[in-house]
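K.L.:
Please dock the two separately framed chains into a single complex, following the hints provided.
Residue-level listing of the chains:
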Amino acid sequence: MSSTAALGQIDINANPPVPMSRLAQVEVRKALDTRAGRWFAASIIGLVLVVEVIYALVADDADKNYGDFLSIAGGVLGYFLPILIIMLVTSEASQRNGLVTFTLEPRRPRVVVAKFVAGIVLAVAVMIMGAAMALIGTFIGIASGASPEWSVDGNLFFNGFVLANVIGVFVGFAIAMLLMNTPAAIVGYFAYSLILPIAVGILSALSSGFEKVAPWIEFNTAQTPLFMGDYQPSGEEWAQIAVSGTIWLIIPLVLGIMRLLRIEFK
Amino acid sequence: MIEVEGLTRKYGAFTAVDDVSFVAEPGRVTGFLGPNGAGKTTTMRVMVGLTPATHGRVTIGGHLYSDIPNPGLHVGVLLDASAQHAGRTGREILTLGATTMGLPKSRVDEMLALVSLSDTEAKRRLRNYSLGMKQRLGIAHALLGDPSVLILDEPANGLDPAGIRWMRGLLKGYAERGGTVLLSSHLLHEVEIIADEMILIGRGKIVAQGSKESLLADADHSSTLVTSLDNDLLGKALQHKGYGVAAAGTGLRVEAAPVDVGRVAADNTIVLTDLRSADGGLEDLFLALTSETQRDVLPEGAQA
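Top line first, the protein sequences correspond to chains A and B.
For the first sequence, my numbering begins at 479 and goes up steadily by one.
For the second sequence, my numbering begins at 1359 and goes up steadily by one.
No wet-lab data here; the hints were simulated from the structure.
The hints are all genuine.
For each label pair, taking beta carbons as the anchor points, the in silico distance ranges come out as:
1. G1568/B - T724/A: 56 to 66 Å
2. N491/A - L1472/B: 24 to 34 Å
3. G1568/B - P495/A: 34 to 44 Å
4. A1646/B - R737/A: 39 to 49 Å
5. E1468/B - V591/A: 26 to 36 Å
Far from chain A by the CB rule (all over 10 Å, computed), these chain B residues:
6. G1370
7. P1519
8. A1615
Values in this document were obtained by computation on a predicted structure and should not be read as measured data.
Cβ coordinates follow ideal geometry from the N, Cα and C atoms, glycine included.
Chain B on its own, in the form it takes in the complex (with noise of 0.2 Å):
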């Protein structure tokens, strides 16, 4: 269990991290989500104590990262593939974990063969590494020694997709044994298919958390994305009943709920090709929530 308590970490003038506060449940996949530069990493590190909290603080299974002796046994830890010697092979980067852990080296071939690195690629160095591979060579680090919380930043950031289903049934089967798993990721496809929690954050502060239902069940209905054999009669129909139209892509993008818009069509006898609500799910959720904090303006119907 994580219990992360009012956490804030200031840079001068700069809050990086803003009285965040959430629990990431053992037994449960918790995501944590949100777009680039929104303060994912810098709560990691506050957890794992490579950063000093300016207020709050963060407990790992009821104690505080510094207190728990030899911490490699219980929180299993991945905040940055790429940050080992460029110069060590993968092989050599497990032992060293595994001898200060103090595990037998037999741990390092069973990690290996868990990750399908194969013999030859673990005598490579991690300079010749792919993205992928590094990933891979750093969730084996972080189950080197058989930790009961995996903290993970980006993992699947660089696996292939066979990778990425690999990676999601690893962690569900960590957490329905009793594991608690947070990962983060700026990425939500990938977040919606693993975690069981979510925890959405823009720019340090949280926007919004709970299960992926519970998210949804709060987002209004109230556009319909619809394509029609006769998009032109139909938006003026639309518009005839008040209804805001304007053009996405092939269709049209409508502020009405779907069940008006096709009876609009059904009174007009158009058919129609394809309608559904606009609300893209999670996605729309997420652009919404953290609209302030994104770096980039999204045109009109870019979202269907």
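Excised from the complex, chain A in its bound form (with noise of 0.2 Å):
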């Protein structure tokens, strides 16, 4: 028996509390520990890599630059990030683990931290990969020929690539927490981030009143100068992306905070 206090009393002080950084590894683990998670995280890297060596061998030679080549990878990573980011979170609702996650930290807010932190390092991680698999199509680029750029534009690095992935990574979160299941939350997100941006671009088509009003209540379509153009959003631009962010992301993610601190686990 690890107490050594009064026979049937608990010493409190008789040890810390598990430390953040333990949680946040643990949840890392978790995210790479099954076949679904190892293999999701391994095809986002091999996608990246099959998309960039396609780009390399069919592109105008004047358009293989690393920084071409970056932006390609941040596409493709944001569609598929925030899937394992869902598969993490949800996956104590689904696969009912959470029962023993919550019993070994009731403190529910810093499994939401750990989570947050564990969320952040794995997108980091791909990040890297996806930066890794940009460098190898531009090495093809230049076997077939081109003479890239390798100088990065800052802003195509921190708005194009860094921000608008962890972006992807937070809603993924908002989903994942509001709907606690997996499924749902993986077909959630794709209606969010594929058919949201289609159905608004066909009514922005037809109508020039509801174009100007787009970017402030829809997220995907407010994020676009992010990945567009010298990306850099100009002031009424960010403020489009503060005002579709708090409705799509800001919103979404503290009504998901909350309901993962009430909810029974069953």
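P.N.:
Laid out in structure tokens, this is it:
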């Protein structure tokens, strides 16, 4: 028995709480220790590589700069990284291991923070792999006759690659915590990231009034300046990101956290 | 020590647990017994903070569960052996627990050996485990942190007879070393052989508690099961004396104490082949105490 206090009593000063670093480490491990998680992570990287190779073979030599390859990697990651996060969060309810997770650390806000930290760590790791794949693509471009520009526009890197993907990760968190069901969250995510922008695009084409309003109320549309043109949103475009981001990211994230803190894991 | 104080948990109009109070003492195995849906699991979920209480509270070792830092080192919990990611191996599940608690990897091997899961079995994924193997893994997980309190929901479920005997020895030894053990079951015989103390719960309320002996002492021995070479004659003789008689299996069920039935048989020189009290120990007591909460109505004499 580890407790040496009076018989039947537990000495709560006998040991420190589980450190956050350990909680986060466990969460990273949980994202990769199942076949589903491991293969999904590997598939994302593989898909990035495939897209990079195809691009290197078919694009104009003038468009085979490292920055071009990097923005392609960012685009592919942007679609799939959130799903890795969704699986990490929703498995607590769908696979029911939340019973154990929240018994070993009953202070749920700490588990939420650990999952956020783990999500960011995973995202950064995958982004580094993505950047490495872009490097391979660039070399293939050179082999096919291009003379690429190696320097990367800082705006492209921070806005188009890092910020866009970090936003994607948090959107994944928000949808996962709100729905707390793996298939529903993945379907919900694709509805949000694929179907919604198309619907908005159609409506915008039909109505110029809606086209003006769209970036204010639809987050995908608002984010377009992050990875288009000079990767430098204007003041108005930043405001659109902030307003639509509040609707589609901040509010769902807050509601999702509240739900995760209260939900009864069965 | 686990102290449950006036615990109530309501879901809307439904009261799952209704003003439950009891104490599970250190050094004792406390059995938590009740039919399906009686509120055992809900009570245990409140203990470990997975479900908030509507009223009342539970303390473990003098503290609310959520106030215990790194609780895995103090309280071993098994609520549902299937509640683990089906795609993880048994070893990985224990490794995650050991890492969270800050224990060395060697502890995982110790626990696998303790619950007799082989190396090959530990490498299999949980979806390929039988219920008994899941239970063993769940018990290993609960014991990882060498806790002083064990809370186990239906731990014997799915174990083979040898497994149940093994678990009985494990938990008895645990309690003898000063640990507190609370285990639930809907199977009376399981609890009867393991537990020192019993808490009987039905429809969210405690209907009886105490040691096996003290529970049985309260039961009245006023009915008897008897079989003789001439049941017809015996039945008539008993009815003549004013005792209620009913057919039960190959014999009779009589509303009288065994000694009175034996006396009637002796007076009429009827040879008895079986004579025993029909208050079938704890089982009858259990069924009687929880009768209004039972889903199934038992046919007369079926308890025999």
